[in-house]
Amino acid sequence: MDIPAHLARTLVTDPMAETYRGEVPVVDTLLESNLESVDEAEASALKVAEEIGFDEDDLHQIGMAVRECMVNAVVHGNRYSARKKVHFAVAKAADHLTITIRDEGEGFEYSTLPNPLSEENLLRQSGRGLLLIQAFVDKLEVTRTQAGGTEVKMLKYLGKSN
Amino acid sequence: MSVKLSTRQVGDVTVIDSAGRITLGEGASVFRDTVRDLTAKGDKKILLNLSDVTYIDSSGIGELVSGFTTVTNHGGVLKLLGLNKRVKDLLQITKLYTVFEVFDDEATAVRSF
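Sequences listed follow chains A and B, in order. Quick note, the first sequence lines up with residues 826 to 987 if you use the working numbering. Quick note, the second sequence lines up with residues 37 to 149 if you use the working numbering.
In short, the hints are calculated from the structure, not lab data. C-beta atoms are modelled at their ideal positions from N, C-alpha and C, and glycine is treated no differently. Each hint should be verified, as a subset may be incorrect.
Computed, partial: chain B to chain A, Cβ under 8 Å [claimed, not checked]:
| no. | residue |
| --- | --- |
| 1 | S42 |
| 2 | G56 |
| 3 | L60 |
| 4 | I129 |
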């Protein structure tokens, strides 16, 4: 996918600042850098999503997006380090859900990631996580934190099928 | 629950019946090992039956691709059978529908080899 040069360090498909008004934080926790945390984060996000009223298809997409993002944080960001945590937060509003996942890794340059949809990369074994996340949520922000890690914010609206 | 695999022969086609979740971790590695063992044995016509697969993540998709590459590099062919809508959607999103031959019916799939 083509990203303008000025967004190379921050992938923003649609700025979310205006959307945060009216959100209520419901989950804000630190998770261990292991695969069990992926299950934990998924369950936590889905519980909130069910309360808001997302349908089965949307719940599946939210679950997948959370899992892909958590795997990125655990595997690529924190590299399974017991000394690093994954910051996991969920906020809800009447018509949407925002999930924030932040690792304590060294960050990455989005513009240098191979495009998983280009012909030469179709048969690569990995590299599709962000693509799937983007397909399943309505807004996505990927930023490098001051500490160097990566923070991903995902927003999904109620009743808007992807 | 991880993935459970079993194999059977339909003529000269090896069918891998899969059930469960193909995700990062045990599910993905079981699948990878099975395909590797079959190609080492010389199986060249492999049909992966995903009818009872309930969930695949991007790592699982990666293992399908890896299996495809392994079989192809050994001069064989790997095809897919019985994808549910969600797995088909994943193949669409990742453009892998252009790589894999996908079937809904086993008899048709077997005849296609």
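Hint check results:
no., hint, in the structure
1, S42, "violated (24 Å)"
2, G56, "violated (15 Å)"
3, L60, "holds (6 Å)"
4, I129, "holds (5 Å)"
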